[in-house]
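Can you build the whole structure from these sequences, using the hints too?
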Amino acid sequence: MKGLLKGIVSAALAVVFVVGITTCLKAATVQEVVLDQEMELMFPYDTEQEFILELRTAPGKSGYYTIELTSSVDVTISLRYDDKDLIGSRNGTNISYSEELNDGHYYTYRITGTSTSSYFSTVKVKVFYIDPLSPDVMEVNEQAFPDADFRNHVLTYYDIDGDMILSEDEIKHANVLEHAGFSFRDITGVKYLSSLQRISLNSNLLTSLDVSGMESLEYLSCTYGNKLETVDCSGCKNLKKIYFQGNEKLAKADISGCENLILINFNKGNLEKLDVSFCKNLEDLGFGDQPNIKEMDLSNNTKLKRVYCSNTKLDSLDLSNNGELEDLTCAHCGLTDLDLSYNPKLVELSCSDNALTFLDTSNCRALTEIYCEFNPFKDDTVYIPNRFVKHTTGSTYKYVVIEPTDWTFGGINWTEDHKATASYSCSKIDGYKLDLNMKVVRTYTPASCDKDGSDGYKATIASDIARDGIARDDSKTIDLPKTGHDWGDWKVTTKASVGKDGEETRICRNDTSHKQTRKIAALTPTPTDKPVVKPTAKPTKAPTKAASVTIKLDKSKADIICGKDLTLKATVKGTKQAVTWKSSDTKVATVDKNGKITAKMAGAVTVTATVAGKTATCKVTVLYKDVTNSKDFWFEPTNAMTAKGVVKGYDKQTKFKPANMCTRAQMVTFIWRLAGEPKPKTAKCKFSDVKKTDYFYKACLWGNENHIVEGYKDGTFGPQIVCARRHAVTFLWRLAGTPKPSSSKNKFKDVKKSDYFYTATLWASEKKILAGYSDGTFRPNGDCLRRQMVTFLYKYEKFVNDK
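Here the sequence shown stands for residues 2 to 804, where the numbers follow our numbering.
Certain hints may be false.
Distance condition first, Cα-Cα at most 25 Å in a straight line; then the derived DSS-like pairs of lysine-lysine [as the list claims (entries may be wrong)]:
1) 649 with 680
2) 379 with 452
3) 597 with 615
4) 768 with 746
5) 649 with 769
6) 558 with 804
7) 693 with 483
8) 746 with 769
Taking CB as the label site, the calculated pair distances span [claimed, not checked]:
9) 140 with 755: 37 to 47 Å
10) 181 with 444: 53 to 63 Å
11) 478 with 553: 36 to 46 Å
Derived by calculation from the structure, the hints in this document are not laboratory data.
Every residue gets a Cβ at the ideal spot worked out from N, C-alpha and C, and that includes glycine.
Here's what the structure looks like:
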């Protein structure tokens, strides 16, 4: 029986496929086929099947046509002419055949094959045409392709028309590079083959490999037999699988920009580090037999299913974010701890020959096999989820089952930085308690001048993570009181003139959409009085000697809380004239004729008493209503930075609200003021959520052009997003010019070398800007409160600017 396949390729070119089966199987399915698109043929197990492929070329389209057959390893296929002369035969690999054909003719080929697996196997067939008028791109010579064997391979498989020049069409259809003949020593020139999707060069003699920027590449394998020392795959954004196992001298591998990788295999090499933090789709990771790798960050690889890391120098392995993990092999690493609380889907575990004293796999409820011999377990006991788990035959360990009913829930605890844990205790093990991290989702509504806001957090723990198998959640909300208006100075928008009113406005610093306007009264002309000439008195022959005048105040410094008052006492000698009083800034504090100072808003002023040309002064600090305790670590920083105009308060500058969270808009503004409010070089803002009317507009422009603050990938700045502690120290470090710390000693146990803020943290600690917490942590992800931020700024000014 035969089935007919027909396909119209284009107005200029048609290719018709006629597919038939020589054995008595079901007829081939009729389907349309388009040039350059794959057709799948199915071959049954242990029975040879034949398909007939008939090509019809369109009039005027003579030239080279290529037939590509791609199959898996479990099928044997062959391609023949219609007269059954063999063109090529392969077992489980590719056949690529090109032939110059005349236009307007029929050509018939036969494809036969047999599946060696227990079911059907698939062969993909694709036919494409090489246009003889396609522009030339690259001459295949020694300069472009220095390695003779690689150059011959290019000429054989990709120079279809044999003119020793690659055309655009030839490069376009060069999709696969496969060779395993122990002959390639150098593949310089491979980047000219920009359409390559698959490279497989196992068992060659390569010492280096550079395929950087090859954006079409999806598969790359260069394994045993090669002698690779360096690999550069950077910028291969569509790369999905890489295999480099067996290159024992491979010391440097750059895979940056390969964000779509799902499989990485670097087993058996000489790497010192491997960064996979950006590979968020990664499912398979192998970096075993790497004696120099001491740490691995898997926190961003939430889709990981398989990890092989045996024979490394890892002493710890954090798998708390790898809930999809199914297979873990980490033998002979020196691990002292292995927490599998967050890996409920783990099926197989091999952790033999480590330094583990405790192993609890009871929450790995899918576990079927465990191999953990040669570990110094306490009481020779290992804890498993059920009695059917397979383990090493003849082991002396006791395998104790812990079930969900053996756990007691102890409550949910919130930390200062809004993280939550669920507590459990186990009845089968004395003193065994766990605090499991919960997933926390934040809902933040900022407060405005006239509306309250809220900062909400909801913590959840799924049933497959909860030790008792019961899902739970908890919520907390922090009310954010409305900020009130913080009015700026009045600014004249229209000057008053004779007979015509003027106008002035002021804008709220908290919300620039709020504006007040008031009238300036029209000017009234006033006639000038006629001057009166008064004769000068005749001076006495001997003027009286003036008495010595002195004035002294009872205080030279004073702190006054906003809304309160204080009366200074002046002691005057040598005159009976009245003392006059003056404040250097009446917006901050006023003083009346009796020396009574009234505090208006937080800041610093100088009150001056004058009599008979003599003066005495008192430096007055007006305190915020909520920053009055001199023992608070933020007391001096808040007042100092307020006096310099770096930070400002709320409720008409009467409250600082030290416990409020500091936003990115506030942070960049504070830093800009600390730098002296420099004028930005650019007048155009690239962030879609920053407007010219925003109080932080100039600060944001300046901060971005000086690389102190950056935006997000969606083009926003996120002004209302709360600034984390790691952001704060990074901004200040950049403000200082990204200096290198003089010491590499890190005193914070929750800051790793791989963290982008690592250098900034060391520098800030060294400069006494950052102290950290008493438990030896920095808590980089914690929200930065206003009291913490103002202290950072104060210490920067003191220890970096020496002011």
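Check your understanding: Going back to the hint list, which numbers does this structure go against?
Key -> The structure breaks hints 2, 11; every other hint is satisfied.
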